[in-house]
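Undergrad: In order, the protein sequence lines correspond to chains Y and P.
According to the UniProt record's numbering, the first sequence holds residues 1 to 381 in order.
According to the UniProt record's numbering, the second sequence holds residues 1 to 381 in order.
I should point out that these hints are in silico values taken from the structure, not numbers from a laboratory.
Predicted model only: the values in this text are computed from it and were never measured.
Hints should not be assumed to be uniformly reliable.
Taking lysine-lysine pairs in the DSS-like style, the calculated list, with each CA pair at most 30 Å apart, reads [unchecked claim]: (1) P:K210 <-> Y:K139; (2) Y:K178 <-> P:K133; (3) P:K210 <-> Y:K210; (4) Y:K63 <-> Y:K112; (5) Y:K175 <-> P:K133; (6) Y:K199 <-> Y:K182; (7) Y:K133 <-> P:K268; (8) P:K268 <-> P:K56; (9) Y:K268 <-> P:K133; (10) Y:K52 <-> Y:K133.
Number of protein chains: 2
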Amino acid sequence: MGEVDFIHTINPSSRCDGGDERSSMYSFVNALRMSGGDGDNSYSTNSLLQKKVLSKAKPVLVKNTKGMMINLNFPNYIKVADLGCATGENTFLTMAEIVNTINVLCQQCNQKPPEIDCCLNDLPDNDFNTTFKFVPFFKRLCFVSGVPGSFYSRLFPRKSLHFVHSSYSLHWLSKVPKGLEKNSSSVYITTSSPPNAYKAYLNQFQSDFKSFLEMRSEEMVSNGRMVLTFIGRKTLDDPLHRDCCHFWTLLSTSLRDLVYEGLVSASKVDSFNIPFYDPSKEEVMEMIRNEGSFEINDLEIHGFELGLSNHDEDYMLHSQISKAGQREANCIRAVSESMLVADFGVDIMDTLFKKFAYHVSQHASCTNKTTVTLVVSLIRK
Amino acid sequence: MGEVDFIHTINPSSRCDGGDERSSMYSFVNALRMSGGDGDNSYSTNSLLQKKVLSKAKPVLVKNTKGMMINLNFPNYIKVADLGCATGENTFLTMAEIVNTINVLCQQCNQKPPEIDCCLNDLPDNDFNTTFKFVPFFKRLCFVSGVPGSFYSRLFPRKSLHFVHSSYSLHWLSKVPKGLEKNSSSVYITTSSPPNAYKAYLNQFQSDFKSFLEMRSEEMVSNGRMVLTFIGRKTLDDPLHRDCCHFWTLLSTSLRDLVYEGLVSASKVDSFNIPFYDPSKEEVMEMIRNEGSFEINDLEIHGFELGLSNHDEDYMLHSQISKAGQREANCIRAVSESMLVADFGVDIMDTLFKKFAYHVSQHASCTNKTTVTLVVSLIRK
């Protein structure tokens, strides 16, 4: 990989006057980490989705990076944090976007470019070694550090951060909610879950997201900005509603297949739940307003296309698995394998995700998707 | 490992009035890194020597930490860097010492303790993952980050560091010096080396140490302090003199044994050199004075006891290898194996370090040691 990969062109027509564009700690899920290394099943190899998400969030990211620089009157030092950076080069793509936006803006406005500190955060079990392999390519642009720890706790000194980015991380809860039914064979909320399952997940999300906002509120300078991207759901009257091909629903189906085949015990599936929540736009807005330290600058809803590409309908040779199905299986495997292995062991993983790819392929024509990607930008008051 | 490991008691009789106690770029040796993980041959398991060194440097470390706090008039934020932190828990022992010294001093002086940023630096190939496993135990005391990169380059923003520590790292050069004889069967300078070998090593050390001082000079605040510990040699008239049981001399002997046994080719040994230099106290002082940004506050010379313990003379069962010899072999293996494997392959390592342990054991009674540990403290003017 050459250095040129990290340099993107920024629209040179952007204006400098910019205007004011503003329109406890938790119990730890030790097994929650992205698959390390750079092998076939690693997160690093299977994070094309995350790359796509970055490209969707890019206009909001660029606009808010510029807005931050202008509102702060071109400071000579900028500290940026990427929270939940995972492993691999994607995290550097975002950082390169931010750094490049700052440098091009400074050039256009005849301002001296600032020294930039890029802090890459994830849980201590994250594979930082693989991420750090890419640092030498990136280092001439800014200073790079890794910050191990949960973003639901304090990570940085008081009033030290100017810009915070987090992509596809905030839908992960700090722990599996308490009070879930013990005999559910679904790993997450489905349309047929009891209402208290929804309440338990929502409570945990509210508690975690509140912590996240409070911690960042302490760490960020006034007029600092955050761009957050995460999985959400379309607002419907029924908060339990999830589409039939929601990835966790299909994972539950795949696990039940293995129970049927005698490869996994039913009781293990019953007691396994994913520490995940896909909030609605309204739930997110309410939390931000209640916490009170941040103003909402942007809130966009984008489609959620896991594994989609131009050859979506192509089937893999001699199989009932579409290429898109296989890609979605790879994506979900990269983000969930470490948790699944902790409960079910490593031996069933290949079979499980073959089932999963099959079920995804069968749902290719579903059109009632409720899963979306939320892009939110916030300004520290 | 419990949290209590990281807390040490500090002499409570210390006074608060303190007084004024003051009395480009390189080519990279990719294979230079400490052995990762926590297995039998890892650096993490075999760094007892480094632990001993820390205990020797402790009085200077504590004195300069206090001096820094007092001279800077108890700032509310302190950024500390450990350069060449390697892997494992030792790096946290130093940080805990610094953090604890600051907190106890603040308590004694009725000052609010500062927020402390602890930055752990080493090369990008260092095993940061193993180091980060210890972070959760340490995190309530300060903020922790990993900074991958060479300390012979810029690592931190301008005027951002208050305190820098580096233990047993600065004797590693950024690369093997140019212009060494191709047909030397020694991996480093010996008493019988040609004089230009000494000059080549000294030139490389001077160039690297100058870079180190210049980079830190840019990164540190005025009155910030550095405590540096590294391997040096006693001043003698002959700059080529090294004792007969210098660890690199014994490594050369061990490699020649393998050549004799047909396990390694002579030409490979001839072309292998260690990127290392053990400067004299005078060479170090001259470099610091010439660079000009730092004042020398302390310069101590300590003995160098690799592998020594109370049962030094004990021999291992059915062998000619003493326990001390085995320990020294483990230490040297942990710091040099990655470089040796790159040139000689992994297969000969066990045999090589068995030879090495044997040779160390044979030299147990030598008394003409010239290798020392230098402890230097500097104040940024």
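Undergrad: Confirm or reject each hint.
TA: Quick rundown of the hints versus the structure:
no. : hint              : result
1   : P:K210 <-> Y:K139 : 21 Å, holds
2   : Y:K178 <-> P:K133 : 27 Å, holds
3   : P:K210 <-> Y:K210 : 49 Å, violated
4   : Y:K63 <-> Y:K112  : 20 Å, holds
5   : Y:K175 <-> P:K133 : 19 Å, holds
6   : Y:K199 <-> Y:K182 : 15 Å, holds
7   : Y:K133 <-> P:K268 : 28 Å, holds
8   : P:K268 <-> P:K56  : 38 Å, violated
9   : Y:K268 <-> P:K133 : 28 Å, holds
10  : Y:K52 <-> Y:K133  : 23 Å, holds
When held up to the earlier numbered hints, the structure conflicts with 3 and 8 and fits the remainder.
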